[in-house]
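J.: Bring the two chains, given one by one in their own frames, into a single complex with the hints.
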Amino acid sequence: MEKTFAVKNLSLVDNQTLEINIGPQHPSTHGVFRMNVVLDGETIVSLKPVMGYLHRNHEQIAENMSYTSSMPYTDRLDYFNSMSNNFGYALTVEKLANIDVPEKAEYIRVIMAELTRLVNHVAVIGFLLNDLGAFFTPVLYAFREREKILDIFEDISGARMMCNYFRFGGVKRDLPAGVLDTIKDVVKKFPSFLEEFEALLTKNEILCMRCQNVGVLKPELAISAGITGPMLRASGVNYDIRKIDNYSIYKRFDFKIPLGQKGDVFDRYYVRILEMRESLKILEQALKDFPTSGDIISKKMTPYLKNFRNFKPPVGEAYARVECPKGELGFYVVSDGTPQPWRYHVRAPSLINLTILEDLCIGHKVADAIIILGSVDIVLGEVDH
Amino acid sequence: MALAQNISTVDDGLKSELGKKGIVVTTLNELYNWGRRSSIWPMQFGLACCAIEMIATACARYDIARFGAELFRASPRQSDLMIVAGTVTKKMAPNVVRLYNQMAEPKYVITMGACAIAGGPFIDGVNVLRGIDRYIPVDVHLPGCPPRPEALLYGLMELQKKIDGQTIETTEWYQKGLKREFPIPEYGPKGLIPKFNPEIWNPREEDHRRERYGQPILIGKKTKAPNLDAPPAAPRPVPAPAATAPTSPAAS
Ligand code: SF4
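Respectively, the protein sequence lines represent chains A and B.
Be aware that the first sequence starts at 1, since it is given in the working numbering, and climbs by one per residue.
Be aware that the second sequence starts at 1, since it is given in the working numbering, and climbs by one per residue.
For reference, chain B alone in the conformation it holds in the complex (with noise of 0.2 Å):
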């Protein structure tokens, strides 16, 4: 059965003229998102860094209980999202997507700092998954190494206008039927397996990165170990100035 759309609106001038008589006039789509927006409970994870700023956002200064997200749950039953802090390893990928997919709906997804965006400045590390989104929807995207708590309650607040537009006639998990796993990575010779999720993320079609920054300069792989044991004075293969002898202290 479907359901007729909801098209009524309230004129905004009778609105407030209510509201000045002390007549709170709402819809119930409103109603219900003012209550989910305002106690969005974070899950306590933090996987490196960034995490630090995550706590210290949380902490008095910065006090993020203003925006109602103040109650960091441990546990991913009971939380609404899920502040990605931090750089995530390919051996730490596959519990992020499961602790994602434990979570409730609706569920929403910040990440945090550079390195959970797309692998920050660890992105040469082989271990380093290069971007959580590969595997989870984002919702928020911060970038920073690490982002300043003012940037987090940002976010935060971005998040809740998303929230603000969302009615329960579109959206998804207010629907019948709705299942969203997410298939957990699993950890294979080469790296991860598969290398990302296609139904969220794909690899750019065509790699502008080439013309934009130019030829990347390669570092030639060392292969020759330098020669420790060699006598100060003697001369070497590279220009060092051989004259001043105390040149390593070699014996620290």
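Only chain A is shown next, with the shape it has when bound in the complex (with noise of 0.2 Å):
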């Protein structure tokens, strides 16, 4: 303990208080993230948590590179959904240049994306239940249904967790001969497996007992706080940028939005096994419209494929946003007109979901802390991009 700091509220906390460390190497903490909390037995007094042990200039990396060069950073990011974070990007550069997207490409991203959703909510719940201590059994079941749809993308991009396989424009290649058939197979079967985990899962005792009324987050505090995604709408707020948005072809599918009604760990649980739900019904949809034929990339931006650092977005500043698994993705861009952006910036949900941990854990046990942080669901390299 190398900090220590003032509690506040001295009168409420008598002198038996004890002050601990939680990380960064902790297998709870999804990585190296540490939380410097003050307990009174084992009741959390105060938190406070301590970021920065993966900070890897993410920014300002890429403000010295070429528009195109930093899309592969992009990946890292959020290194569950690296697909959605492309999609953020690619999108806001298509409004800096205005580029039109053709309606093929935009059919092929939205189904990875929500193939992206299915990946981060299987391994998000696979980790949660972790946290509870069924200790890599559900991680077990949760990887075996990630690896059919890595290899999807192994098919389409080439790698299995980084793919790159946005541009600005459209995207990379076109899908190999027989994907659509393996993703179509996919989707069919994920809705077995989702009935086997829920079966498994949702009712199950012990995990009602200790996920209901656990870290629960008012929707107040969760809209001035600036929340989103699967967070937000556990707490009841009908938020989604799909529907607000509208961006790419999200108009023409049909889906709810699944609410929850506490703001407990077990709805923000649920809300992630009904949001898949939701994206199964995307890709049914997507798959039934897949047009056949089509350009995979705008023609103004093919030229740009190989020479991307002849690549000049006029001046000026754009932000775009996506629903990405884990809440509102936003990148800012400013371009003063040479090849290399003159601001880069990114929103990263997992950072703005992560500051409320406080509000969400005092008051309960130590072991609750750790669920509540599973729930909140962070992934490192986006907190410290």
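These aren't lab readings, by the way, just hints derived from the structure by calculation.
All C-beta atoms, glycine included, are put in the ideal place defined by N, C-alpha and C.
Honestly, I wouldn't trust all of these hints.
Claimed, not checked - Calculated pairs, DSS-like style, for lysine-lysine (alpha carbon to alpha carbon, straight line, at most 27 Å):
{"id": "1", "chain 1": "B", "residue 1": "90", "chain 2": "A", "residue 2": "48"}
{"id": "2", "chain 1": "A", "residue 1": "48", "chain 2": "B", "residue 2": "20"}
{"id": "3", "chain 1": "A", "residue 1": "288", "chain 2": "A", "residue 2": "256"}
As the list claims (entries may be wrong) - Sample of chain A residues facing chain B (criterion: CB under 7 Å; computed from the structure):
{"id": "4", "residue": "24"}
{"id": "5", "residue": "25"}
{"id": "6", "residue": "48"}
{"id": "7", "residue": "49"}
{"id": "8", "residue": "51"}
{"id": "9", "residue": "52"}
{"id": "10", "residue": "54"}
{"id": "11", "residue": "61"}
{"id": "12", "residue": "79"}
{"id": "13", "residue": "140"}
{"id": "14", "residue": "143"}
{"id": "15", "residue": "147"}
{"id": "16", "residue": "148"}
{"id": "17", "residue": "317"}
{"id": "18", "residue": "342"}
T.: Shown next, in the form of structure tokens:
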């Protein structure tokens, strides 16, 4: 414990408090994250998150390279859903430079983004249960499904995790033959997996006892703190950028937005399960109307695929956001007419969702803090970008 | 007291002949190494993206348990192998070295991914350590970004080969009085102090990078901010297509 800090409201605390460090090497902190916790017995009196163990200068590196070159770096922001991150960045630069996206590319993008959502939610629920004490078994189930989707990504982009598949104005290459059938197959079989998962978990007494009424997030606090994504929706606030912004072609699909009632850990878990079902709906519709022919990248951008240093968006600024599985992922890019952006900023949902950790944890036990952190769903690459 | 060197060997032909009859002949060394190599316990310790691939390796499809390394321990005291999976930043490096010091001998290190080896894609970052081998000795390097799970399995097998080659007489941690503590760097005002551990790593004496890769492309430092408030039709210093009025959705 290098640093001590003053506890507010000393009269409440008595002298019997204990200050402990959880992390940075701790199996439940999802990476390198440290919580400085003050305990009274086993109850949390105050909690201070310490970040920055994975600060990798993402923004500054991106400001020193051409627009296309920072696409692979966005993969490494939130390494569970590289495709969504690509999506956000591609949208921003398209807005900046006024690029249209052909129809087929839009469909491919939506399919990829929704598959990513499945990957992310499945893994998050696995890790949440891991934090609950079901050591590693749920992760085995979750990763079994994840591998199937990663196989699709590998066929399409050549890499399992770091896909780097999107380009401004489209995608890098066309879908290889047979992949659509694989995707259809996965989408068809996924609900049975979800049912298996749910039969084991949703009405499980231990899970309910541990998760219900723990870490309640009030909608007012969630809105004022800028929380987005499944966390916000679990608190009952109807806010999904897919519906609000109607970016890409989400307008064409018929899907609902699952909302929670209480905003506790259980709601956050269940909203994710329901969101996966909605994602499957979108996927089914997208696969049904998938255009058989067409360009995959806009004509305007084709010359820049090889010579991407010649790509100079006009002076201006743009902010675009996507509903990535963790929340609102936004990119803000300012161009000064040169091949490198003047300013590049990421609005990382994990970072902003993490800011209210203390409010959620105070008054709970240490073991609850771990599952609250698990339900917030952070990825350290994004928190510390 | 110096121990006599053990030079006795078992004839391979005789060994397999006896093996057919159900008699196992082995040396203590082999038996011991067999035990050690088949139960390497890695530390459950992920730093960044590569850690996800490490978890994927532990899961059902790749199943690192086939090689006896499935038991991820959360405590450094119980683990034999540290898989440095991910970017080591300068803030994290002291902790990594401290964890390594806390592990019990014999201990091994696998660096997984370009970041842990040399900084990887983030090498330009001011806050990224250019390779953990500056502070701790590394046994196996696994390049890739991220390395596939198969690569991690291969790295583990390479490590097993290395363990097989070690003998009780010569390997240093069986000798008396071994004390391997690596100095923990401190975070100073200009990065880590010391910059590297000279017992383990030294910078290359001559630098051939310039001849090999040519002059690096230097990006001039930008000092002039773009004028975003200028009306879109106004002439600009940069050669922009002046006719297209709605160049920037500035009011986003
Ligand atoms: S090598 Fe690549 S995948 Fe691994 S931690 Fe570094 S950036 Fe992430």
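J.: All hints are to be evaluated individually against the structure, with a verdict given for each.
T.: Here's how the hints hold up against the structure:
no.: 1; hint: B/90 to A/48; verdict: holds (21 Å)
no.: 2; hint: A/48 to B/20; verdict: violated (64 Å)
no.: 3; hint: A/288 to A/256; verdict: holds (18 Å)
no.: 4; hint: 24; verdict: holds (6 Å)
no.: 5; hint: 25; verdict: holds (5 Å)
no.: 6; hint: 48; verdict: violated (16 Å)
no.: 7; hint: 49; verdict: violated (14 Å)
no.: 8; hint: 51; verdict: violated (10 Å)
no.: 9; hint: 52; verdict: holds (6 Å)
no.: 10; hint: 54; verdict: holds (6 Å)
no.: 11; hint: 61; verdict: holds (6 Å)
no.: 12; hint: 79; verdict: holds (4 Å)
no.: 13; hint: 140; verdict: holds (5 Å)
no.: 14; hint: 143; verdict: holds (4 Å)
no.: 15; hint: 147; verdict: holds (5 Å)
no.: 16; hint: 148; verdict: violated (10 Å)
no.: 17; hint: 317; verdict: holds (6 Å)
no.: 18; hint: 342; verdict: holds (5 Å)
Comparing the model with each numbered hint stated earlier shows that hints 2, 6, 7, 8, 16 do not hold.
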